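Asker: Kindly produce the complete structure, drawing on both the sequences and the hints.
Spelled out, the chains give:
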Amino acid sequence: MKRHHVWRAFAWDETKLRYHRSVLGLFWIIASYALFVGGISLFFSGFASLSAQEFTIYVALGYATFTFLMANIADGSAVFSTSSAWIKSTNLPYSIYVFKSLFRSLLPFVMQLTVAFALMLYFGTFAKVSWHAFMALPALVMFLLCAVPLQYALGLISARYDDIQHSINAITRLLIFITPILWVREEAHGTRGLLADLNPMTHFLEIFRNPLMGMDARPLSWMVVIGVTILMWLFAGLISTLMRQRLPFWI
Amino acid sequence: MSGVSDRSDCRVILENVSLDFPLHSTAKLALMQNQRGVVPPTKDADKLIMKNGRIKGVHALRDLSLTIKSGERVGLIGSNGSGKTTLLQVLAGILPPTKGRVTITGRPTSLINIHLGLMPHATGHRNIMLRGLAAGQDRDTIESKREEIAQFCQLGDFLELPVSTYSAGMRMRLNFAIATAFTPEILILDEWLSAGDQEFKKNASMRMREFVEQAGILVLASHGPDMLLQNCERGIWLDAGRVRQDGGMKEVLKAYQAEKAGKK
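Residue numbers (my numbering), protein chains in the order written: chain A, 1 to 251; chain B, 1001 to 1264.
It is worth saying that the hints were derived from the structure and are not from the lab. Note that the structure is a prediction, hence the values are computed from the model and not measured. We treat Cβ as the ideally placed atom computed from N, Cα and C, and that holds for glycine. Among these hints, one or two may not hold up.
[As the list claims (entries may be wrong)] For lysine-lysine, the following DSSO-like pairs were computed, each having C-alpha atoms within a straight-line distance of at most 27 Å:
1. K88(A) <-> K1201(B)
2. K88(A) <-> K1250(B)
3. K1099(B) <-> K1145(B)
4. K1099(B) <-> K1069(B)
5. K1099(B) <-> K1260(B)
6. K1201(B) <-> K1145(B)
7. K1202(B) <-> K1250(B)
8. K1260(B) <-> K1056(B)
9. K1056(B) <-> K88(A)
10. K1202(B) <-> K1254(B)
11. K88(A) <-> K16(A)
12. K1260(B) <-> K1201(B)
13. K1201(B) <-> K1254(B)
14. K88(A) <-> K1069(B)
15. K16(A) <-> K1145(B)
[Stated by the list, open to error] To give a feel for the contact side, a few chain A residues facing chain B, derived at Cβ under 7 Å:
16. G25
17. A85
18. Q245
19. F249
Answerer: Here it is as structure tokens:
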């Protein structure tokens, strides 16, 4: 962690690179997200009992969070393989690559959230949010606490086995439908409601989105998130002892 | 692997180090299999790790022990595939050995991959900063060295351009200039230094000498006899992952060249 200058500088450079040949640059993140939220809300708002305004914010918050969480899985599985030249020629601690990757995905997330906040300001729903919103901060801390071991472990495993990369595509496609982003969990009954509860993504999403929508998250959600995070650290510790030594040979 | 307070404490010790490169492929010595499925011994058989007729790995280093103390300038020679680069990676603390023990006292700076340490899309100046940060320097130190680095690599206004526009030689100069600017404790160089022109080689040699006089360690792998004789006084000849000869650079080089000539 004390080498934060390193990963911050590198993450910032990589982000700039991604957009350096476009006129709008980083503004593309905001523009494309606003376009997406607008389109989705127009089409889907009729399906939920929320008002059109509320639904728009619901989607704007939910999808940004979902994208960020999924990006950690996708980036995590590539975190070491994309830095192979560095890993094979310097002895920087491997965690630097994880922090770099995490920091890089944080920026688009923050920019997408500004779209959601701008909408809240515009619709004047900020007043309703009140003190609940502060609970979004510990939720964000949990995201980061969970993302570090997740990326570390996934990075090691997928350096050795290509299968992870393939399975992630399959899972992402499924998760986007079984996670309450375009539909509301409270309104889903039977299998759909059960699936949503079994899906840890739901809980990660709700501890962050609920407070910003002026509601408390369920204690169940917090328990799941904390539980998953603890398991993730244990898992990463195990994977690290088993595989870390062999990493430079695999990539 | 932390920095040392006194540079004369720099030390690298290898004790019975072996390193196997695992292969996760299904490479098979199919052609060499006879009717009964038994693989007859080949001339490379002792280099490969076989299991069920498949190649599972390569023995890169075998039971290697050596000690390098501060102020030593070591030249590595050996034919392609003799384990030079692998040994450099072990000395730099990048590859952990399969067996044996490696003790590194001092901070290694390695120039093993020419493309490394440089971000192709960023300018030369930006790369000085990035590379410096990665080497554990703070921003002020890097700024104070910027002028000196620019002076040494002689890239002039090219430092304002992205590194992707540089030629191989230019990249190498920048890379070398940055790596040596922060007075490394243990400097590890692979052969690509020989890609420089005469003038650069001269400057580089001078710089390496200065640095070793300050009680650092230099390990240089090269095929160029001049390069080795100019910069190293101790020579290590690697053959199939083992130390074949360890002694004065001149003698080792002579023996090596004599054998190469004899084989022809």
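Asker: Now, for every hint given, state plainly whether the structure supports it.
Answerer: A quick look at each hint next to the structure:
This hinted pair checks out: K88(A) and K1201(B) have alpha carbons roughly 26 Å apart, not beyond 27 Å. Note on K88(A) and K1250(B): the hinted pairing is violated, with a Cα-Cα distance of about 31 Å set against a maximum of 27 Å. Restraint check: the Cα-Cα separation between K1099(B) and K1145(B) comes to about 40 Å, which exceeds 27 Å; the hinted pair is violated. For the hint pairing K1099(B) with K1069(B), the CA-to-CA distance comes to about 22 Å; that is within 27 Å, so the pair holds.
Restraint check for K1099(B) and K1260(B): not satisfied, since their Cα atoms lie roughly 31 Å apart, outside the 27 Å limit. Between K1201(B) and K1145(B) the alpha-carbon distance is near 21 Å, which keeps this suggested pair within the 27 Å criterion. A distance of roughly 20 Å separates the Cα atoms of K1202(B) and K1250(B); the hinted pair therefore holds under the 27 Å criterion. For the proposed pair K1260(B) and K1056(B), the alpha carbon gap of about 30 Å is over 27 Å, so the pair is violated.
Straight-line distance between C-alpha atoms of K1056(B) and K88(A) comes to about 21 Å, which keeps the hinted pair within the 27 Å bound. Our distance criterion of 27 Å between C-alpha atoms is met by K1202(B) and K1254(B), whose separation comes to about 23 Å. The suggested pairing of K88(A) with K16(A) holds, with an alpha-carbon distance near 25 Å, which does not exceed 27 Å. Of the pairs offered as hints, the one joining K1260(B) and K1201(B) holds, with about 26 Å between alpha carbons and a cut-off of 27 Å not exceeded.
Restraint check: the Cα-Cα separation between K1201(B) and K1254(B) comes to about 22 Å, which is no more than 27 Å; the hinted pair holds. Distance check on the hinted pair: K88(A) and K1069(B) sit about 25 Å apart at the alpha-carbon level, within 27 Å; holds. Straight-line distance between C-alpha atoms of K16(A) and K1145(B) comes to about 25 Å, which keeps the hinted pair within the 27 Å bound. Restraint check, G25(A) versus chain B: the minimum CB separation of about 14 Å is more than 7 Å; hint violated.
Taking 7 Å as the C-beta contact cut-off toward chain B, the hint placing A85(A) at the interface holds, the least distance being around 5 Å. For Q245(A), the interface hint holds, since its Cβ comes within 7 Å of a Cβ in chain B; the closest pair sits about 5 Å apart. A distance limit of 7 Å between C-beta atoms decides the matter here; for F249(A) the minimum to chain B is near 5 Å, and the interface restraint holds.
Violated hints for the displayed structure, listed by number in ascending order: 2, 3, 5, 8, 16.
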